[in-house]
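Participant: In the order they appear, the protein sequences are chains D and H. For the first sequence, the tail end lands on 545 under the numbering used here, and the numbers increase by one without skipping. For the second sequence, the tail end lands on 308 under the numbering used here, and the numbers increase by one without skipping.
Hints are not guaranteed to be accurate.
[What the hints assert, rightly or not] To give an idea of the chain H side of the interface with chain D (calculated C-beta under 7 Å), a few residues: (1) Ala47; (2) Gln75; (3) Gly76; (4) Gly79; (5) Thr80; (6) Pro86; (7) Thr163; (8) Thr165; (9) Asp168; (10) Lys258; (11) His266; (12) Ala289.
Hints are computed from structural coordinates only; laboratory data are not their basis. Note that the Cβ used here is the ideal one computed from N, Cα and C, for glycine as well.
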Amino acid sequence: MRGASQAKWVVAAVAVALAATACGSNGASSGGAANDAAVNATGTFSYQSSEPQNPLQPANAMEVGGGRIIKQLFKGLVDYDPADGKLRNQVAEKIETTDATNYTVTLKSGWTFHDGTPVTAASFVDAWNWSANTKNGQINSDWFSDIAGYDAVHPEKGDPTAETMSGLKVVDDTHFTIQLTGPVSYFQYKLGYTAFSPLPKAFFTDPAKYGQNPVGNGPYKFVSWEHNKAITVAAYDKYAGLDKPKNGGIVFKNYTQPEAAYKDLVSDNVDVLDQVDPSDLASYKTDLGSRAVDQAQGAIQNISFALYQDGWKPVDKAKVRQGLSMAIDRDTITKTVLNGSRQPADSWVAPGAMGYKAGTCGDACKYDPAKAKQLITEGGGVPGNKITIVYNSDGGHKEWVDAVCNSIRQATGVECLGDPKPDFKTSRDLIKKKQVESMMRTGWVQDYPLNANFLRDVYGTGAAANDGSYSNPEFDKLAAEADKATSVEKTAELYQQAEAQLAKDMPAIPLWYYKTTSGYSNNVQNVKFDSFGDPVFTQVEVKQK
Amino acid sequence: MGRFVARRLLQMIPVFLGTVTLIFLMTRALPGDPAAAMWGDKAADPAQLAAFRHKMGLDVPWYEQYYNYMVDLFQGKFGTTMSGRPVIEVISDALPVTVRLALLAFAIEIVLGVAIGLFAGLRRGKAFDKSTLILTLLLISIPVPVLGFIFQNVFSTQLGWVTPTVQDSENLGQLVLPAIVLGSLSLAYVARLTRTSIAENIKADYMRTAVAKGLPKRRVIGTHLLRNSMIPVVTFLGTDLGALMGGAIVTEGIFNVKGVGNALYHAINLNEGATVSGFVVVLVLIYLAASLIVDLLYAVLDPRIRYA
């Protein structure tokens, strides 16, 4: 992975060294030493987490608090290899298509739910039909919108007219077919999302009760949920997947203050950290040494233009937008203001996602005050010679927004101000109602590691997350072509061409990619993070005490 | 006395209704749509959003929502959180923890505060009195979060006596450190109030009489001096119990205690009006009860205060 830090190599080296010493000491030596790396395969560890927002149902988790637990309890047809983000089959033996519209799924046999019942084709089809239905109130229900017959179970207005989607057919216990409303070449990539998990029969009798005590088919089975305190899961011994747990279980401990979690990590009272809080970022590498984690993540921070405002509509303004992008000193801001917790962006897709192409943004993402000034003048200047950046002040964005504005002001003389809104909801409200005057903070966290997710869903005309109302027929045409491609590789390539269009229009300025800044305690080892920013829970090894 | 209690209880009704109405309007006036907030960064799915709003009763005008809320409240129903959990369950999980924390802090501030105040008042102008004044001034001027972090660093990171955060919120022993932090500000006030009151009353006529009667020193100070000096302190303590419960938000955050503060923080973040107002209703009730007890205690402390 690009941007792998030295810390990662140090971690690897230490892990090897520790493993070596463990082989030597073998067994009942004077245990208890901090660097005794004998592994307790049934040991449990704790993780800094937060209270899930919804009951634990696979299509009902959008935020991380519930999402990361669902991911451990359930396993769908496919998932993404944590090492390189590539798609791999889990419950699916194979998924075949010739036209990117009709898919035939073959399941592996031997998969069971935690209650012992087998995972069959019906487990998927029933789960998807239930989850897509409006009246079942699943927050991720629109993930099924590609499937034929979705309109019947999830109409735009009013009650559903059907219980099942016509596009899903069970052939036998290990086969089912999916028909989409149109070609979506990367549909398999979407299938890795937790909303597509299978559900056991027991679920449908009382989904609400099940949500408090879920039974999945993943590497871990549910043990207990003490609300607002902790959720405990244990390794499932009959797990049939590729990623068998190397530990006995996980306790997801709730923290409301990240500072408190960090203090607990330093004193070994919690084992793996979600994120280091901003106030400890400057010192966490010295505090934790080789146990510090600093790794790229599949998420990007942008500032987008309110293209629906008259001042930004003229074609020439693309030059102004490029100029503004060139006026931002990404290197310095990420190093100083953000304490190295971000990586300067050079495209609209995060590295680690399939189809990421370094440098798509070109010179526009390189700091060049002289050129910036020139482009802004050529483009007719910034409307009103003033820009404001709308952001939510509850998310730790103030510092970098001010820094970006300073950079723009110093390089170009354009007046730039941060426009803080008290909280995330308020700023989203304003953005959704299209009331932003010039610019707004936008970010994107990948749903699946493919460039289409960073492009189609953010910059397509009318796309749900297209906050700036960007619309370009050329981009839409390329995206539509990419969706029709019959291989994911071809899709990724065509989306790269669509991304090139963004470089010309600059509807949003890519600022930097998120990084996982985290760490782990002396009790565990082999802690690696995937591009979603989650640790690879199954690979964590608990040290023998 | 009985009539006084009855009148006070009746007075509580408008106060209670007023606060509940206010908090209802305030949580509803918060910007942003709680249903849409469930989607976070992403755009809400319109059909699903409409379904949620209907389920949560958000698709009717505010006065209708208010009416529904009040009707439910008088039937003892606090509604449910957005995840479908009854609010009353959330409260009954979190409240005992905070009550324990607040009572512990309360006990610390009464015992230590009154003792220090008494000592300082009796030895007015001496070294102990002066150092009390300086120390309490220090406690009053240090904000609670700062004090919390100092205590956390000194007692866990430096000395290693305790874990930095509370590992088990039900464990009274682990709550001692947060309770000290929580109670420290009030402790300083109690000590100062007691000191001034004692220093004043020590010159009172009844004190001279008591000494002249030849009463033992313990009786002079215990029954005559302390009892009469307690009125301002009790007034303060009564309102303070409510403040401690509400003020635990910061302390609970620092020490990761799973109490009211923790639950409220979570609810406010999610824009969960039902949970927030549920907690406030309970806190208002506690506050009202505490101030009633204070009023009744006046008569016990000073027989000159009578209630018709």
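Participant: Would you mind marking each hint as holding or not holding in the structure?
Facilitator: For each hint, the structure was consulted:
Satisfaction of the interface hint for Ala47 (chain H) is found here, the shortest Cβ-Cβ separation to chain D being roughly 5 Å, below the 7 Å cut-off. With a least beta-carbon distance of about 22 Å to chain D, the hint placing Gln75 (chain H) at the interface is violated under the 7 Å criterion. The beta carbon of Gly76 (chain H) comes no nearer than 20 Å to any beta carbon in chain D, farther than 7 Å, and the hint placing it at the interface is violated. The beta carbon of Gly79 (chain H) comes no nearer than 16 Å to any beta carbon in chain D, farther than 7 Å, and the hint placing it at the interface is violated.
Interface restraint check for Thr80 (chain H): the shortest CB-CB distance to chain D comes to about 11 Å, outside 7 Å, so the restraint is violated. For Pro86 (chain H), the shortest C-beta to C-beta distance to chain D is roughly 11 Å, which exceeds 7 Å, and the interface hint is violated. Using the Cβ-Cβ criterion of 7 Å, the hint placing Thr163 (chain H) at the interface with chain D is satisfied: the shortest such distance is roughly 5 Å. Given the 7 Å rule on beta carbons, the hint for Thr165 (chain H) holds: about 5 Å separates it from the nearest Cβ of chain D.
At its closest, the beta carbon of Asp168 (chain H) sits 9 Å from a beta carbon of chain D; the interface hint therefore is violated under the 7 Å criterion. Satisfaction of the interface hint for Lys258 (chain H) is found here, the shortest Cβ-Cβ separation to chain D being roughly 5 Å, below the 7 Å cut-off. Residue-level restraint check for His266 (chain H) holds (minimum Cβ-Cβ distance to chain D is 6 Å; threshold 7 Å). A hinted interface residue such as Ala289 (chain H) counts as satisfied when its beta carbon comes closer than 7 Å to some beta carbon of chain D; here the least separation is about 25 Å, so the hint is violated.
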